[in-house]
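K.L.:
Residues per chain are reported as follows:
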Amino acid sequence: MKKTITNFSNFHWIDIENPTEGDLKTLDLPFDINENFLEDALESGHLPKFEHSDKLVFIILRAYTATPDERAIEVGQISNKIAFFVYENALLTIHRAPFDFISAHFEKTFDSVEGLVLSLVNEILLTFESPLKIQIDKMDELERQIFLKNGRNISIENLYYEKAKARLTKKILLITQNILNQFKVLDKSVSDLQDIKDTVLDFILKSDEIIDDSNALLNSYISFTAQKNNDVMRLLTVFSAFFLPLTFIVGVYGMNFDKMPELRWQYGYFIILAVMVAVSIIIYIWFKRKKII
Amino acid sequence: MKKTITNFSNFHWIDIENPTEGDLKTLDLPFDINENFLEDALESGHLPKFEHSDKLVFIILRAYTATPDERAIEVGQISNKIAFFVYENALLTIHRAPFDFISAHFEKTFDSVEGLVLSLVNEILLTFESPLKIQIDKMDELERQIFLKNGRNISIENLYYEKAKARLTKKILLITQNILNQFKVLDKSVSDLQDIKDTVLDFILKSDEIIDDSNALLNSYISFTAQKNNDVMRLLTVFSAFFLPLTFIVGVYGMNFDKMPELRWQYGYFIILAVMVAVSIIIYIWFKRKKII
Amino acid sequence: MKKTITNFSNFHWIDIENPTEGDLKTLDLPFDINENFLEDALESGHLPKFEHSDKLVFIILRAYTATPDERAIEVGQISNKIAFFVYENALLTIHRAPFDFISAHFEKTFDSVEGLVLSLVNEILLTFESPLKIQIDKMDELERQIFLKNGRNISIENLYYEKAKARLTKKILLITQNILNQFKVLDKSVSDLQDIKDTVLDFILKSDEIIDDSNALLNSYISFTAQKNNDVMRLLTVFSAFFLPLTFIVGVYGMNFDKMPELRWQYGYFIILAVMVAVSIIIYIWFKRKKII
Amino acid sequence: MKKTITNFSNFHWIDIENPTEGDLKTLDLPFDINENFLEDALESGHLPKFEHSDKLVFIILRAYTATPDERAIEVGQISNKIAFFVYENALLTIHRAPFDFISAHFEKTFDSVEGLVLSLVNEILLTFESPLKIQIDKMDELERQIFLKNGRNISIENLYYEKAKARLTKKILLITQNILNQFKVLDKSVSDLQDIKDTVLDFILKSDEIIDDSNALLNSYISFTAQKNNDVMRLLTVFSAFFLPLTFIVGVYGMNFDKMPELRWQYGYFIILAVMVAVSIIIYIWFKRKKII
Amino acid sequence: MKKTITNFSNFHWIDIENPTEGDLKTLDLPFDINENFLEDALESGHLPKFEHSDKLVFIILRAYTATPDERAIEVGQISNKIAFFVYENALLTIHRAPFDFISAHFEKTFDSVEGLVLSLVNEILLTFESPLKIQIDKMDELERQIFLKNGRNISIENLYYEKAKARLTKKILLITQNILNQFKVLDKSVSDLQDIKDTVLDFILKSDEIIDDSNALLNSYISFTAQKNNDVMRLLTVFSAFFLPLTFIVGVYGMNFDKMPELRWQYGYFIILAVMVAVSIIIYIWFKRKKII
Ligand SMILES: [Mg+2]
Ligand SMILES: [Mg+2]
Ligand SMILES: [Mg+2]
Ligand SMILES: [Mg+2]
Ligand SMILES: [Mg+2]
Ligand SMILES: [Mg+2]
Ligand SMILES: [Mg+2]
Ligand SMILES: [Mg+2]
Ligand SMILES: [Mg+2]
Ligand SMILES: [Mg+2]
Ligand SMILES: [Mg+2]
Ligand SMILES: [Mg+2]
Ligand SMILES: [Mg+2]
Ligand SMILES: [Mg+2]
Ligand SMILES: [Mg+2]
Ligand SMILES: [Mg+2]
Ligand SMILES: [Mg+2]
Ligand SMILES: [Mg+2]
Ligand SMILES: [Mg+2]
Ligand SMILES: [Mg+2]
Ligand SMILES: [Mg+2]
Ligand SMILES: [Mg+2]
Ligand SMILES: [Mg+2]
Ligand SMILES: [Mg+2]
Ligand SMILES: [Mg+2]
Ligand SMILES: [Mg+2]
Ligand SMILES: [Mg+2]
Ligand SMILES: [Mg+2]
Ligand SMILES: [Mg+2]
Ligand SMILES: [Mg+2]
Ligand SMILES: [Mg+2]
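As they're listed, the protein sequences go chains A, B, C, D and E. Numbering-wise, our numbering puts 11 at position 11 of the first sequence, and it's gapless, one number per residue. Numbering-wise, our numbering puts 362 at position 69 of the second sequence, and it's gapless, one number per residue. Numbering-wise, our numbering puts 750 at position 164 of the third sequence, and it's gapless, one number per residue. Numbering-wise, our numbering puts 1052 at position 173 of the fourth sequence, and it's gapless, one number per residue. Numbering-wise, our numbering puts 1195 at position 23 of the fifth sequence, and it's gapless, one number per residue.
Check before you lean on any hint, since a few could be wrong.
Computed from the model, here is a short list of chain A residues facing chain E with C-beta under 10 Å [claimed, not checked]:
| no. | residue |
| --- | --- |
| 1 | 100 |
| 2 | 103 |
| 3 | 186 |
No farther apart than 30 Å at their CA atoms in a straight line, the calculated lysine-lysine pairs in the DSSO-like style are these [to be verified]:
| no. | chain 1 | residue 1 | chain 2 | residue 2 |
| --- | --- | --- | --- | --- |
| 4 | C | 694 | B | 477 |
| 5 | A | 133 | E | 1175 |
| 6 | E | 1369 | E | 1343 |
| 7 | D | 1049 | E | 1369 |
| 8 | D | 1170 | E | 1463 |
| 9 | C | 874 | D | 1170 |
| 10 | D | 1170 | B | 552 |
Just so you know, these hints were derived from the structure itself, not from any lab. Treat the numbers as computed from the prediction; the structure is a model and nothing was measured. Ideal Cβ positions, reconstructed from N, Cα and C, are used throughout, including at glycine.
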């Protein structure tokens, strides 16, 4: 456990990193905390939540922490929880993972608890920005792969995991948006809160786009494969339709019957070659009419 | 029927396990109960509900009871009903199946009916936790099977039943969530209720994830199969395209016509071998250009 | 037209079965009825509705009347309308089809119009119970058919019609639920009304399950078929890949060129048999590596 | 432009058919009209709308005008706009296309503007009735085609256009329903308005059914085709698996090696025939076991 | 940066085109602006938003700027932002791209800030009109391509990008609609605002139609391809089923066994030709019965 106390002009901030259950219980806090809140603060997979009692506001948010290549598709895998205990003159934050943006805030100046909370919330949301950007780039890459004329097969596996990640990101963001709508702030902070809400809406739209693009890409890919199947099968059919009859004909005159008049004809061989050319032409015309070739 | 009466400091609790209709009617209860409520309490497949009359609050909830391998996809198969009759100074619970967590509550201490009810409701919800975890693990296993390079066919049947189970779990949880939103509790219990609501939201998200993953997996699988079909068909086409023409050529010179000049040529055999090599090369080049091989 | 008047202690009930337009106009009713209501009461395909004027409440509900095997997929085919004109001291019901549960009510005792109406509404809803049960059983049968290892093809036609029926049932039930939410009843009937609402919710959930299962089953079936296609095609490819080259080789030595050195070799035949065995082994190894067999 | 003025007992109605922009501007109307309203009244593709200023209520509705076989899938193609300017003592209607039901209203009697408007609105909605009926019949025909055992291929094109038409009809009806919910009428007209709302709900349900049926039909058709593909491919595989080995065997004994012992055997031919029968039987048994035939 | 100041009778308008961050900070504005607003005004990809403080209303809208052939499928690619700072007696607009309709407004006359803002908003929305029209035409072209009997393959790629563009357009329009619903205007402008709202609804419907048509088209195309696959495969099967048995038969009599009685028969050759005709007829009848040809 790492405990950092920062004193601002008219309030103080206690940040606790990676506490154990024991740590929290023996923690000498200047205020008492509902047991439920402490439990939630420790539960690493807890969804974002907002709750207020008479003395404090309790908020849980999740910051994006997965690396781009992780196949992380569970809430606890792609994100880490930060719990806020917001008092009149104090802020207590509890989180398991270390966050650079939290340390950075130790050095800044804030003239109200609210200002500090909003600034931290803003940073939490910004952790989603770069992963979403990377996902959008990956989708563009997948698009290029599938629509490039000579492209190789796309990775359905990557598509599946990118979509699952975007879906989960969207769900976390939707719950976060719901929580932000319950925030009540002083007039001077209204615009900062709105800015945060704008960011969430923007990210929700982006994750939605990734999900929709994934669906559309997979459907396009299935359609493409069906079309390629058709092309290959048509080719096979054309080859077979030309050679099966011809091979049959030459097979006939390869039979060893004692009495096969055609074999004795002066121009039998040439006549049969002509017949085969004729058969090929007829098949060719028939295929052309049927629009198969 | 098994009837357990527990007396707490300022209220008492009557728990009735597995009653028959007759049992309930002859039951000597210290309070009278609306007939509709008694009927509902006996109907084993009843959905979660919340209703309050002037004297009591009547709640039905469902605890998850299916074993992981059961192909249980009906409300009455995956879960069992627990009915609560909540009075000012008394609680009556009726359920068909025995539940360990109920027996465990006989030994605990509660200072209000509300406290006991919330604790039981919490336990009811926690019966969903482990089955959801098992389902998530099964989905991960199915994911591995399908995306593993040398993997065997996935079990579409398992996928179907896992999805159906998750869908049903989600529906029960959504109705439960709706009921929890109708609960009105004293200030000191607000946080406990919120904790229960958080749990429901978390489980709903999890069952939702299983459903979404199932859909995505099946689509990925269909796409994979289409791709494999294409690969196999291309292989067949390549084999046929090479050997059908060659077999035809050797068939021609297997004919028994008396007069076939080529057969008499000194190097006829070698010339025809050369022709066949040339034909193969041409087909090969053509296939390369068409990007079929 | 069949008209039945029943007198209860403090109200009376007029039930009219299968009236013509003329019947209704010449009907000697002790109260006057809005023309629109009469029209609606006669329109056999009318959707459930709720409307109240100053003197009466006008309700239309639909009872399920299709037999299980009917391919009835229109509102007017799967259900029959019952119109209620609810007055302070009187009830007028109009319906085209005869219903056993209505006749049964002539013999019962009710102490208020409301009590009678709720009892009839309850019976109307219960007409949906058995058809839904039968549909759920049919879905289970279809599930068994598709997932049974040696099962035959499922009937896509049955699946289509079961789904259409369930979808329509759900839509009627949703409109009915909406209407029930507009009912206003005396305190003593609140619980009866809630019981009816519970039933509707339960049936909506069930029809929803049938629809979801149908979708999932069809997708599973498509996936299954794609997999079977792959299996059959692989088999064909394996057969062709083995025999096409071999047949070509034997074709070569079936040619009748005067000068074919191999034909004169002492062990030519045995050498060529050995070559063919070698070719087969090579193809076999290649297939094994490519995971095709 | 055709202008018809009808005087009723306590109000008058001006109907204008097919006006040009110029017509409207020079129109000598007994009341002045907001410019925006006039513009909307002229814009032929305008969606249904409801707006009220202090002096008048302005309504735009759309009547269905496409013929059943038209591939009309844009708002302006399937329907025509009618604009209502509703004053205390006057009604002005503007529309481009002639409508029989409007002319018919010139001869009727109405005792209020409201009564006339509701009657016209009712007629506008009834223009959707017959096209929906025709579409439902077409869907039934498509269903018969696809599910008939010996049926021919369905027209995917028709399915596509019927669905697009139903989707557009539903959207227009949904906007219309939204507008009707903004109508405020006198007590005596409440029931007439409700009747119109019932009609809209009924039509929305019908168009919804057509859309759902289209989706289900196309999926059923894809599933059917996949199944037929499997049947045909299995047939091909069976044929190939039987004849490829046999043709290879006869090819072997068609080779012209000088030294092929079997060819000299007394019963070589009959032995080889027996071998081929044996091979066929083995393949047959293998296929039976694999459930391919 | 280009700064244009226009003075109207009772207010003035400052339009700033393509400012840098520095420009904005050193800008000598007659009023002070919230820092958050300035930041948003500079962020080029910002979604539409509406916010009001005590002194001003801050609005961001996006005008469509992509050319028809661009594969622009991100908010910042298909549209450009215009920020409005609306004061009692002044309007400040900030945008990066030059817009003809803005310059055109410098010459017009407006008697209120509100009038100018609504006129600009209207023009912003009209930038969506022509791209939507072009997209609808492209969809019609794609429809023709797929449903034309002899049509070539459709471009799945185009379909994918048109759909993505329409989806994004719809999302921007939905956010815009949400913002317009927050506008509060004077009575005399109500109708102008409603006109703008009508336009947005119309465009949302249109983009929705493009999305729905894309989905339906891709599904139709997949269905078509499956059907064509079936046709080609049936053809292949028919060819193989006819020639494989015949080729086997002629292969039998091409064997070189010393003792093959049939070869010596006077009419052996003709008998075997007759047998082959018979085999062909049997296969033909069998195929006819199985409805394969
Ligand atoms: Mg998961
Ligand atoms: Mg993209
Ligand atoms: Mg997931
Ligand atoms: Mg911002
Ligand atoms: Mg920002
Ligand atoms: Mg932003
Ligand atoms: Mg999509
Ligand atoms: Mg089910
Ligand atoms: Mg997983
Ligand atoms: Mg908790
Ligand atoms: Mg908990
Ligand atoms: Mg929790
Ligand atoms: Mg239907
Ligand atoms: Mg079932
Ligand atoms: Mg009940
Ligand atoms: Mg009941
Ligand atoms: Mg029930
Ligand atoms: Mg489903
Ligand atoms: Mg307009
Ligand atoms: Mg369209
Ligand atoms: Mg139908
Ligand atoms: Mg009616
Ligand atoms: Mg009517
Ligand atoms: Mg009606
Ligand atoms: Mg459907
Ligand atoms: Mg995109
Ligand atoms: Mg179109
Ligand atoms: Mg306009
Ligand atoms: Mg509007
Ligand atoms: Mg418009
Ligand atoms: Mg669609």
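K.L.:
Looking back at the hints listed earlier, which ones does the structure fail to meet?
P.N.:
When the structure is compared with the hints, numbers 1, 2, 3, 4, 5 and 10 turn out to be violated.
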